[in-house]
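4 protein chains.
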Amino acid sequence: MVKVGIIGAGRIGRVHITSISTRVRDAQIKTVADPFLSEETAAWAKSMGVEHTSKDYTEIINDPEIDAVLICSSTDTHSPISLEAIRAGKHVFCEKPIDHDVEKIKEVISALEGTNLKYQVGFNRRFDHNFEAVQRAVAAGKVGRPQIIKITSRDPEPPGIDYVKVSGGMFLDMTIHDFDMVRFLAGCDATEVYVQGANLVDPAIGEAGDVDTAVITLQMENGAIAVIDNCRKAVYGYDQRAEVFGSVGMAAVGNDSQSSAVITNSDGVTGEKPLFFFLERYMDAYGKEIGAFIDAIENNKETPVNVMDGLKPVLMGLAARKSYEEHRPVKISEIEEEKNV
Amino acid sequence: MVKVGIIGAGRIGRVHITSISTRVRDAQIKTVADPFLSEETAAWAKSMGVEHTSKDYTEIINDPEIDAVLICSSTDTHSPISLEAIRAGKHVFCEKPIDHDVEKIKEVISALEGTNLKYQVGFNRRFDHNFEAVQRAVAAGKVGRPQIIKITSRDPEPPGIDYVKVSGGMFLDMTIHDFDMVRFLAGCDATEVYVQGANLVDPAIGEAGDVDTAVITLQMENGAIAVIDNCRKAVYGYDQRAEVFGSVGMAAVGNDSQSSAVITNSDGVTGEKPLFFFLERYMDAYGKEIGAFIDAIENNKETPVNVMDGLKPVLMGLAARKSYEEHRPVKISEIEEEKNV
Amino acid sequence: MVKVGIIGAGRIGRVHITSISTRVRDAQIKTVADPFLSEETAAWAKSMGVEHTSKDYTEIINDPEIDAVLICSSTDTHSPISLEAIRAGKHVFCEKPIDHDVEKIKEVISALEGTNLKYQVGFNRRFDHNFEAVQRAVAAGKVGRPQIIKITSRDPEPPGIDYVKVSGGMFLDMTIHDFDMVRFLAGCDATEVYVQGANLVDPAIGEAGDVDTAVITLQMENGAIAVIDNCRKAVYGYDQRAEVFGSVGMAAVGNDSQSSAVITNSDGVTGEKPLFFFLERYMDAYGKEIGAFIDAIENNKETPVNVMDGLKPVLMGLAARKSYEEHRPVKISEIEEEKNV
Amino acid sequence: MVKVGIIGAGRIGRVHITSISTRVRDAQIKTVADPFLSEETAAWAKSMGVEHTSKDYTEIINDPEIDAVLICSSTDTHSPISLEAIRAGKHVFCEKPIDHDVEKIKEVISALEGTNLKYQVGFNRRFDHNFEAVQRAVAAGKVGRPQIIKITSRDPEPPGIDYVKVSGGMFLDMTIHDFDMVRFLAGCDATEVYVQGANLVDPAIGEAGDVDTAVITLQMENGAIAVIDNCRKAVYGYDQRAEVFGSVGMAAVGNDSQSSAVITNSDGVTGEKPLFFFLERYMDAYGKEIGAFIDAIENNKETPVNVMDGLKPVLMGLAARKSYEEHRPVKISEIEEEKNV
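Residue numbers (full-length UniProt numbering), protein chains in the order written: chain P, 1 to 341; chain E, 1 to 341; chain S, 1 to 341; chain Z, 1 to 341.
Keep in mind that a hint or two might mislead.
If several chains are the same, the list does not tell them apart, and a pair holds so long as it fits within one copy or across any two.
[Claimed, not checked] Mimicking DSS-like on lysine-lysine, the simulated pairs with C-alpha atoms at most 25 Å apart in a straight line are:
#1 Lys104 to Lys46
#2 Lys3 to Lys165
#3 Lys142 to Lys233
#4 Lys46 to Lys3
#5 Lys142 to Lys301
#6 Lys30 to Lys46
#7 Lys322 to Lys312
By construction, these hints were calculated from the structure, which means they are not laboratory data.
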């Protein structure tokens, strides 16, 4: 039984509290800490089997009984708390992205060197039943040599404009999941990115200097070409699809819906919309990612999404931003050189 | 090149004129005859390449140049014209059913004996790309030993009540196609029929002594159980599906629609309705059935739907009617004994 | 928080232990009792949060702290333990069927009279996301007046022959779920049953006097005709589909699979098989049915599947058996008169 | 009745002979001319109702009875024969592309000025039932403002390397159809193209200086971003899909297959592959495009794919090639300025 502390009891923190208490057998949440912890949240956490709640996250860092820390606080705190936790000898599960600043990610990488601590980044989609099935098919050779990889990733609604302003931009906030997915499905890194971006959903997003719609082309190391299409708003819900086309076949996955019910009438044949958003679509995946983290700790395995897997999509996001700004293809190596990675 | 005469230029006659002129290479329509032939229809037939039109079908029967006759006139004339054509040495394609009266079908069977004339009955669905694919799968052993056979067959709208009254009832008029399909898919005959029928669509149909909705269970010779569900009215169009479930798998087909277009919006994921009715769904099948008839003539083959295939579904329809009236399972052999078949 | 005791720690008992501990918020399992309780099972139950285990179920019946009993023992004990639990003032959730013997079900009904105790029968499929969606569509008028109801229900493999012999036969053991589903979807009772049954899967089942394949037609009170097709073995897994066709449309549901992954290659376009069996398909439904039972207790509501809903499918199953034996349609009222219901 | 002459009796010429003789009511093929016309082809053409065949295409140009010419000869002859036909006062249907050389297309445009001759370019996919349905949905406002347009277009096998060398490259030979489709679906022109291309299918194609795999991003005038993915070889057949995602919904179409048959067994749920190639997929579309051309002539309408619709995809193809060579986004206006369009 691994004792964990959870730092941050916002939306994603509560997701992990729920999924650990219902889906993860070998983990026990000792403490949940959040500076803005409400009494309601504290009571709810207790009802979910959390032993202790606090407004002070250092209670977790300093607790010798706690083996592992889940960092679910705001993005700007991910890397500093990662460092504190690592220095305190804790295993770390950190929500994505580790940081917008590559320097800070490099500090986390350095801090991990020479330790046997496990570090996992929260790219939950790798644990989704659909994406997992595509990855398995690719890894099993069912598509042959990958040639074209396509990812559709559209949110049902844009975040608030205040969030957009601190989000690091769509590429580091939203597309970062798709950058990770491209690496996961291709089984290799990207070498170049080209972005065609637009502001079509909400003018305020454009005024904040960000895009809300984009088609992003990537050259992959294995020769495949990948393309991601993103939009901050799809009226029909969360659109999360992938396709890998290769020399001997194609593997593709679509969306999940609440049921397979189809109504046929004089208007046509109508099935249900995709599940609304990430809480609906990925609840099982959140449980499985923490399960894998706990398994890595208990059985001294490599985490399935390690600190380098946390760095790479940030480099891709920075390259994407540069491509958008300079309206040209940008090599990942340009960013690596710039950031001395 | 086989010269054909078409007797009857109503809806189904015009279907055959169209399909022969556009889809059948080795047939040439010499004459179309219909006592009620309008000038418009005659002109249209000419434009389709028909050489000659007439109001007198004996012009076809007596024309030594004509090799084959397509009987597309009203049901009560099918067997007498069959006899005349056979006696005149013509090959015959006869629309279903040959007759409601088994005695008259027996006369046609007798007339064919000792001749080398081809006789084909118009069970067009056997030539539909979907049903053909299921039959091929079954024949190729892909489902193993058939255990359950299911046919859904629903019309988009009931025929006029005047037609209902002379139609021989739903079992001989509509279900007869499904009885043929059950034999085609099972590769054997039925031994028993049980009908659960109802009058749910239009009270006038019930007043005319007929049903408009039914679930019909059949015991097949090979051990499989078959079930047909029929309705005279499906608001969404012509519903024509089949499924064969067996010891090593299941083969199933659905409906065709005008396109594969799917609209996804806040109401759901909506595809197109099935094609409206038999003209839309089976136009290619009509061409293929005549192509097979012409091929049987030219290459002296057995027709794929012979006169016995025309008799059997009539026996099944009579058994179904008796089952409905007496509310009990009825063996096909009861009807055979009664009719001395 | 409702305190429950679970009697029986076999397969279905363990399902309920799992689902309550992971999916049901307001229930706490105080005791699990099973005469054959192994140490492993006891340890596992403890790990799932069960307070206490025992080999003696009367510890549950006699425990004043326990509000509700889940009867998950063998079928022959369902009604006697129901009576004991009711007399001890416990709410009861009883696995299906309450009993094969109508007299014993009537005793349970009598025992409940005048109490305010909740009694729920384990027809879990009503809580499945797919079937629920069809029922909601029907109840919302989306299909209009139901005309044809179709249920496909096939198991991936037959039970052991020893179980078959004590199971009460396929109609009371397997079809009973489908009888309940027909009532749930139609929103009314059946009045008559006709069975076409066969022994196609395993000769030993036939030697034990049972069928393994059947097509069952039902006349429903609301005029609709229902048809169930059953088989004890489908090589592709658990086949659980339903369709309601009515005057203004059709609602249908298919199977669930592990993922939406589709592989397209030179062999075709291949998706995944249905989920293997009831544990895979209905785990969420098991949680929801207990959630509904707990909700009925806490909020003094009618249970969604009450004791009469437990009786009716038994009557249908007895009628089905009689229909099979006497090879004729059997009215439910015949059975009701026979059993004095 | 419009009298047509067909120049070129290769694969696409024979497609038009077949589709006119079976699907187009108001056209009569007077002459088919091909310098390499074999006796077999001539005999076949006669059997399809062609009045006359010749090795000399000027017999068509100079025949005063012929109203319209279909140019189905090799690409390098499209524009010169177009000019001859226009000067002879014939309506012209010209296979794509009009020419690889913009100058020559401009000559055709000039030649048409001041005449009332109809000129149509062979972008047959606009007449495909699926793509038509998407275009109608977009035009009817069902997706709202288009935001992302996706086209998948993959051939089942690459052309011979000799053809590749004279084809003008993949962008002018294969992608040109997709460039037209993007304009058709978006309802506007593209302003910029970016290509990520690769040689993954056959090294000989790369040695010939061409790509065989590409992802092509386009900025559209209406703000939408379009993306085309191309490959010269898909092992599963001809992959022709499209999707338009907009502010109120998404319209998408998939492939057609020979039947809707699905086999479910222990390996999964397997449907048929897409139809093999363009002859199988687009036969109906070829008939409809010629029908529309004939209709434009008979009713003095604008052709649905006019000479400017022939020019624009060539400009897009040239921009795509330049983008590939210079590895940067290229504006269509760059090409227009260069070519003085």
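Q) Hint numbers the structure violates, sorted upward? A) 1, 2, 5
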